Amino acid sequence: MNNKWTGLKFLSPWLAGIVIFILFPMLFAAYISLTDWPILGKAEFIGFQNYVDIFKDELFWQSLKVTVKFAALAVPLGILTAFSMAFLLNSKIKFVSFYRTIYYMPAVVSGVAVAVIWKWILNPNYGIANGVLGFVGIQGPNWLGDPNYVLPSYLLIAIWGAGGGILTYLVGLKDISTSLYEAAEIDGAGFWGKLFKVTIPLMTPIFYYNLIMGTIAAFRKFTDAYIIGGAGREGDFFMVHLYNNAFTYYRMGYATALAWILFVILLGLTLFINYTSKKWMHEG
Amino acid sequence: MIKDKIIKKIKKLGRRDERYKLLVHVILLSGVFWMMLPFIWMISTSVKELEQIFTTPPELFPTSIQFGSYKEALDIIPMFKYFFNTFVIVFGRLGGEIFVSALVAFGFARFEFPGKKVLFIVLLSLMMMPYEVTMIPTYIFWAKLGFSDSYLPLIIPSYFGTVTFIFFLRMYYSTFPKALEESAYIDGASSWQVFWKIYVPMSKPALITMGLWSFMGTWNDLLGQLIYINSSDKFTVQLGLASFSSITGGQTPYNALMAASLMALLPIILAFLFAQKYFVDGIKMSGIKG
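Heads up: the protein sequence lines correspond to chains A and B, in order.
To convert, take the position in the first sequence, counting from 1, and add 804; that gives the working numbering.
To convert, take the position in the second sequence, counting from 1, and add 176; that gives the working numbering.
So here's chain B without its partners, still in its complex pose (with noise of 0.2 angstroms):
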């Protein structure tokens, strides 16, 4: 009596269990929907025909798939170029960003070092400071220089260390057991060689991911190359696709526009779906756990 009452609850409970999972994965499909449907907008027009792309109401799928709009698309902005301009910053910037955060993030983690304290409040302020405040005097200060409409304005402050990627990168250089540079500093190593031989070495997921989301910050920085860069052969992807619109004017071709769209945002989503790992490593490194 009392042991079927027990196998009849936990069949209640297993039903409730099943149907509260059901519940989830609609809840969650329903949301799946919802995240891609700007993805599948954006892949759906720019195949579609121009004819079909003015039609109301609108339709989700297109009814024939042509290429032609990518052609086309290539010919109204010069993507690659735009490609090649964008991966000159990225590339210019990735190496110095991380090297120097890397360092500064060394310093910090492992030496005492009068004004320390003082220095470690001033990087977490800086981590909140509006960079607005000195956009402006520093846009001058590169124009008074003749740098303007150049790439340098983009790089070369990324030389002098980034605050984010050294907040997260001596936060994970703490938790590094001291043993592991004690030994090599009684072999008589030097400091420089402890952080080049075994802190880099050790700490390449977390550049990886430093790396990433210098990538991605350089890849989607519109505000920073629409000051610095005005020649149109100078543009990068995102100048040259926020010129889309003027140059067609009138009636924009909507297929072309979604395919220079999807071009843009390709390296971005292909860099996530195969390092993925390594964005969510750098969230659960970046030690947010209150």
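Pulled out of the complex, with its shape left as it was, chain A reads as follows (with noise of 0.2 angstroms):
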């Protein structure tokens, strides 16, 4: 028979994961991140000495500033360019499957196969993107290989992948009933007057989902820039910092302290976002 336990009966593998999988790591965390551990060797207690050594770490510093500036830029364009897209796929047109298909098809895959493609496009010598520049006329930049152009070549990427929140914006978009659009026009509303009096105010929501998103996978970024890198340290995201800090120098407690750093950092963001919201959002 069923009764006030029975919930708690199928959530039980969940709730032992969490306290083998999380609380015990977390406190674990805790610890590790207060001593000097090569994963050989002993832990030595040594208080807060790595948070004070992160932050006279030139290198912490430098993953930090390519990641922060990454995510300032590659968010909002990521945002603006699925929303423009969605917007596009919204109109009653044909084929509008086929460009619903090849639009997310870049979000679907990623991987190291993917970076792999992009350093070879980006090849300033034998590569596509300096070939149809080229092409029209331009000398292409060196890319990866010049560490202005690092960041520029990241947040390509980052746009052609951009097609993810195609979806939640269709979705979004399917929801807003015609008759607000219809009363928007008798009061002499045009083609942009709809646009930013109706349609981009009730995709408020999902323009909220998709900066919470798309900051935490920001930040998160590890696998183009572990494959892919970049000159001069601009390809150094702070996921690839405390990688190698774990796993190539083998600095546990180090990393572990990078790690709650970048916990605080997002923390920090997700109630930054969180609480601003509360002025642009639209309530639904």
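For the record, the hints were derived by calculation from the structure and aren't laboratory data.
Computed from a predicted structure; not experimentally measured.
The beta carbon of each residue, even a glycine, is placed where N, CA and C say it ideally should be.
Be careful, since some hints might not be right.
The following label-pair restraints were derived from C-beta to C-beta distances [said to hold, decoys possible]:
#1 A:Y985 to B:V376: 38 to 48 angstroms
#2 B:M304 to A:P880: 13 to 23 angstroms
#3 A:F828 to B:S408: 26 to 36 angstroms
#4 A:K898 to B:L449: 16 to 26 angstroms
#5 B:P377 to A:S888: 34 to 44 angstroms
#6 B:S206 to A:V823: 44 to 54 angstroms
#7 A:S1081 to B:L356: 34 to 44 angstroms
#8 A:V823 to B:W368: 22 to 32 angstroms
#9 A:S888 to B:W368: 44 to 54 angstroms
Could you use the hints to bring the two separately framed chains together as a complex?
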């Protein structure tokens, strides 16, 4: 018979997982971050020394700078791209499902293969990026080999893969009642009026969702950054820095302290977006 | 007179509409070119002769076609072995990830129990929690148990449920009418039977979507595999491809590298093309409607 414990019975594997894979590791992580622990040796308690060292470490600030710059540009650009694509795909035209498939494809594929392909596309001499630019008479840059063009390279890749958000916007666009547009038309709103007075305000909850998800994903960027790199340490993303410390130099304490810093940054950003959203998000 | 004016106006509107549609098609088609360019470039490079690859300016299409680079790619990295290894992890995770997540989602959606509100907040916050914090302690945990350089650390955690899957399935199950199970309970069915005989069969499309997400997540996960797998005979597709350049060294045979990349992407592309409906439904199901 069902009683008040039945639900918990169904939850039990997950609850066990929280204890084993979340609670215990987090407590352990708090301790590790306060130690000097080369994985093979003994952990030595050093208090907050890791955090002190991190804040003095130029490579940490470099990786943070790279990641923040990327997130600050890639997230809004990604939202703008995906929303524009969804807006166009929402028109009553032919071949919409064909377009949708094509636009969504880059978001589905990821991993090492995509990073490898982009590295080859951006090859300054033999890559197609500069081939296309040369075709229209522009001398292409050195991309990943030029510190000034590393960030633009990553932005290019991010925009290419931005289609993942399209479906979330399409669902939202389909939900907007036509009567709202008709009412706006009666009030004399044209194409832009309808876009800025009706569509965009009603889409703010979806912008909010993609803003949070996109920010988290940008700060967690690992695979392309690990494979592609970039000149002048401009491709040193936070997670690559963390990975190298943990699994190349085996500085477990130091790397765990980095992980906590990332945790605090992401928590802070999420709360901040959440707080400001009350000012710009349309109440649905 | 007025009639003529109206007709003229409609015609004008119609023309404007046509022009707008044409403009949309032009924009969308140029987008198609941009979206497809990396795929075209990959395929084109993979069938080019090596001499045609290193030309300036680069040529988008091959002048002559060869498939020897595919064989070369298989000689450089044992791709089929890596496929097999990856599928061991994919299928090892798949069952647990979906079954346990569905179980937990059912518990959340259909029962009242002490601490439910708190546990739901825990669920939501875990969706945002960076696994980076738990990554290193968990690695040390598995290493101490002697399980590093094995697939178990990548597979076992999936049998404790996956937060995003639980979240989506809970939402999905909440939309099921209660009447569905009430008669079953009257007939003496247990909660387990209701889950297994009614909820699981009825949520098949959602479970397939979760299966696809699970497959894609495992297939594309470089970080986890990088951390836990060291010996090259246990490499996955991602690790194999990542090791490609270090094996060839010096001048990379880009046609073979692109051939290997295409092979690595193919399962995902095929899964997407054949099961697109489930991807789309999955997004709708997630209820991102504000």
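Hint check:
| no. | hint | verdict |
| --- | --- | --- |
| 1 | A:Y985 to B:V376: 38 to 48 angstroms | holds, 42 angstroms |
| 2 | B:M304 to A:P880: 13 to 23 angstroms | holds, 20 angstroms |
| 3 | A:F828 to B:S408: 26 to 36 angstroms | holds, 32 angstroms |
| 4 | A:K898 to B:L449: 16 to 26 angstroms | holds, 20 angstroms |
| 5 | B:P377 to A:S888: 34 to 44 angstroms | holds, 41 angstroms |
| 6 | B:S206 to A:V823: 44 to 54 angstroms | holds, 53 angstroms |
| 7 | A:S1081 to B:L356: 34 to 44 angstroms | holds, 36 angstroms |
| 8 | A:V823 to B:W368: 22 to 32 angstroms | holds, 23 angstroms |
| 9 | A:S888 to B:W368: 44 to 54 angstroms | holds, 49 angstroms |
Of the numbered hints stated above, none is contradicted by the structure.
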